[in-house]
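A.B. asks: Taken in order, these protein sequences are the chains called A and B.
Mapping to this note's numbering: the first sequence position 78 is 78, numbers consecutive.
Mapping to this note's numbering: the second sequence position 264 is 264, numbers consecutive.
What the hints contain is simulated information worked out from the structure, not anything from laboratory work.
In this text, all values refer to a predicted model and were calculated from it rather than measured experimentally.
Quick look at which bits of chain A chain B covers, simulated, 3 or more residues with Cβ under 8 Å:
id, segment
1, 141-150
2, 158-168
3, 280-291
4, 327-340
Straight-line Cα separation of at most 27 Å, DSSO-like style, residue types lysine-lysine; simulated pairs:
id, chain 1, residue 1, chain 2, residue 2
5, A, K243, A, K226
6, A, K4, B, K303
7, B, K288, A, K244
8, B, K238, B, K162
9, A, K243, B, K295
10, A, K226, B, K303
11, B, K303, A, K7
12, A, K244, B, K303
13, B, K238, B, K303
14, A, K243, B, K303
15, B, K295, B, K238
16, A, K243, B, K288
17, B, K238, B, K164
Using N, Cα and C, we set each Cβ at its ideal position, and we do this for glycine too.
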Amino acid sequence: MLLKIEKRSEYSRAMVYVTPLLALVLTMLSSIVLFHILGVDPVDALVNFFVAPLNSAYGRSELFVKATPLILCAIGLSVGFRANVWNIGAEGQLTIGAITGSALFIYFPDTDSIFLLPAMIILGAVGGAAWAAIPAYFKTRFNANEILTSLMLVYVALLLLSLLIHGPWRDPAGYNFPESQTFSDSATMPILVSGTRLHFGTLLALLAVLGTWIMMARTLIGFQIKVIGAAPTAGGYAGFSQKKIVWFSLLFGGAMSGIAGISEVSGPIGQLLPSISPGYGFTAIIVAFLGRLHPVGIFFAGLLMALTYLGGETAQINLGLPVAVTGVFQGMILFYLLACDVLVHYRFRLNTARKAAL
Amino acid sequence: MSGFDWIVPVILTIITAATPLVFASLGELVTEKSGVLNLGVEGMMLIGAVSGFMTATVSGSYILAIIVAAVAGGIMAFLFGILTLSLMANQVATGLALTLFGVGLSALMGQAFVGQPVPPLPQLDIAGLSDLPYIGPILFAQDALVYLSFVMVALVSWFLYKSKSGLILRAVGDSHDAAHSIGYSVIGIRYLAVIFGGAMSGIGGAYLSLAYTPMWAENMTAGRGWIALALIVFATWKPGLVLVGAYMFGGITILQLHAQAAGLNVPSQILSMLPYLATVIVLVLISKDQSRIRKHAPACIGKIFHPAA
Numbered sequence: 001m002l003l004k005i006e007k008r009s010e011y012s013r014a015m016v017y018v019t020p021l022l023a024l025v026l027t028m029l030s031s032i033v034l035f036h037i038l039g040v041d042p043v044d045a046l047v048n049f050f051v052a053p054l055n056s057a058y059g060r061s062e063l064f065v066k067a068t069p070l071i072l073c074a075i076g077l078s079v080g081f082r083a084n085v086w087n088i089g090a091e092g093q094l095t096i097g098a099i100t101g102s103a104l105f106i107y108f109p110d111t112d113s114i115f116l117l118p119a120m121i122i123l124g125a126v127g128g129a130a131w132a133a134i135p136a137y138f139k140t141r142f143n144a145n146e147i148l149t150s151l152m153l154v155y156v157a158l159l160l161l162s163l164l165i166h167g168p169w170r171d172p173a174g175y176n177f178p179e180s181q182t183f184s185d186s187a188t189m190p191i192l193v194s195g196t197r198l199h200f201g202t203l204l205a206l207l208a209v210l211g212t213w214i215m216m217a218r219t220l221i222g223f224q225i226k227v228i229g230a231a232p233t234a235g236g237y238a239g240f241s242q243k244k245i246v247w248f249s250l251l252f253g254g255a256m257s258g259i260a261g262i263s264e265v266s267g268p269i270g271q272l273l274p275s276i277s278p279g280y281g282f283t284a285i286i287v288a289f290l291g292r293l294h295p296v297g298i299f300f301a302g303l304l305m306a307l308t309y310l311g312g313e314t315a316q317i318n319l320g321l322p323v324a325v326t327g328v329f330q331g332m333i334l335f336y337l338l339a340c341d342v343l344v345h346y347r348f349r350l351n352t353a354r355k356a357a358l
Numbered sequence: 001m002s003g004f005d006w007i008v009p010v011i012l013t014i015i016t017a018a019t020p021l022v023f024a025s026l027g028e029l030v031t032e033k034s035g036v037l038n039l040g041v042e043g044m045m046l047i048g049a050v051s052g053f054m055t056a057t058v059s060g061s062y063i064l065a066i067i068v069a070a071v072a073g074g075i076m077a078f079l080f081g082i083l084t085l086s087l088m089a090n091q092v093a094t095g096l097a098l099t100l101f102g103v104g105l106s107a108l109m110g111q112a113f114v115g116q117p118v119p120p121l122p123q124l125d126i127a128g129l130s131d132l133p134y135i136g137p138i139l140f141a142q143d144a145l146v147y148l149s150f151v152m153v154a155l156v157s158w159f160l161y162k163s164k165s166g167l168i169l170r171a172v173g174d175s176h177d178a179a180h181s182i183g184y185s186v187i188g189i190r191y192l193a194v195i196f197g198g199a200m201s202g203i204g205g206a207y208l209s210l211a212y213t214p215m216w217a218e219n220m221t222a223g224r225g226w227i228a229l230a231l232i233v234f235a236t237w238k239p240g241l242v243l244v245g246a247y248m249f250g251g252i253t254i255l256q257l258h259a260q261a262a263g264l265n266v267p268s269q270i271l272s273m274l275p276y277l278a279t280v281i282v283l284v285l286i287s288k289d290q291s292r293i294r295k296h297a298p299a300c301i302g303k304i305f306h307p308a309a
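So here's chain A without its partners, still in its complex pose (with noise of 0.2 Å):
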């Protein structure tokens, strides 16, 4: 081989930031050709795709609108793989907390009361909290792969959820359309900015990346997290729980992702359908890893996954391209942050010794 791969002594830092930004331009690269088999023009496709969203305040407001719930799984699911605990359940979560949050309403339309939303939030939390025990608890009780579990559970999940609207949830004047009642009010989230679809749900969004940055850096939790994760025999060594590690990373992750579901429904999209989310628990993985699993980054990657929905729309809308590019889109960034964060711990070096040896 003529190039050789060497294991730094110390990983760079340099890499770490600079390997999601070159993973950015090899997707731009590889699209501009993509884009060329699909028969539209490269530059123009790209300015759809990555300018044309943000030209408006509203376009700006939108990318906010659909990095909440990005945000707010992927906060989740970091703290979980920073412990090697892979929860991909996020979807499912976000479900169930949807549900669980909208039960609260559905059973009592009528309520005018100012905790009502509150208490959906609340509700939303433990909901999807309690669908990530269910796999913290196989984990931690018979060893069962939480990727797995947790995967499955997504599915039943969903399957749930369409059972409820197109049964008992089912909005009694609704012309027998699989849809719940249309949220009133007070069990709506406020809108921030008005002519805008900007929400509450954003600001919690918000909230969770600050406080998840303290958690993670300031508290003996997020301690114990990142030693389980980095070097799990050292941590069992200090006494740290890889149990209650576990149950705290499903626990975490399966709240954001419920409250993720809750804004989500009693914010942009005002009632329960049968499908709520275009696979924001599946996409928050990449902005996870994009984010480098660190709260700031996550924020900034989840309205850079956000663009790339806005954009699949704007660029179908004028373009006619499929909306699937967005999931290819987001697919070979990942894919190229994994190749490239080869540089963060290893170097590449011209193979000479072996002729200077012959």
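Model the placement of chain B on the given structure of chain A, informed by the hints.
C.D. replies: Okay, now just chain B, sitting in the frame of chain A:
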């Protein structure tokens, strides 16, 4: 005789539901035996499903379609190999990326083919034998891939436990440092195992879009790639048990479909949950016995290999 007439169609549909799982699980089993965990099975199956379907609609040749599906799955797995084997990326994260990418890419590729019908995979027809009551349609009137799936189970068992190459592959999966020090190319062997896994997932996917439901729809695998991964744990990494597990899950899938069709007084969503719930329950029951898992699981699974030069 008429009382048992329903049995034959039920068994036939169980076979079609189980076959994609057999292929995907068996491929991933070989990958895992070499010490690599590829969580991208779902993504590779989708790419196999869409590329096989496209080839079949355009060319009309099923043989070509299956070859293309295998190659497409293999290419996806090769990408995974570059990242995890050459660039030493985290296998869990890369597998997830492969699935997310596969979901998106297959949706994009199949855009123009959604809702198009394709005649299902042709079935064997041996005059006399295929017409035998009961056993005729079950044993002598399947499509080629069903027979191939059984052949592959036998081949993989033989390869892993009776051939020298299989022994080397298992050695690489159980102790890459030892295998490396006696001069085997750990990375090279793992590349082959990963690509084989991808090709098998691709064929499994193509079976879904060409035989199980002869059409293409976005995300049509509906979690089967993940179920295939769970089956390997269920089978404690034994090819024969993978076959048993796949037919068990095929059975659960089909029984709930038949129950829905028969108008059982249970909401269809509850019945549709069964295969996923069964997967969770089976995982829990099997994982409970950690000593058994540890005895059979490849010791180096998921671990990155970087030869200390």
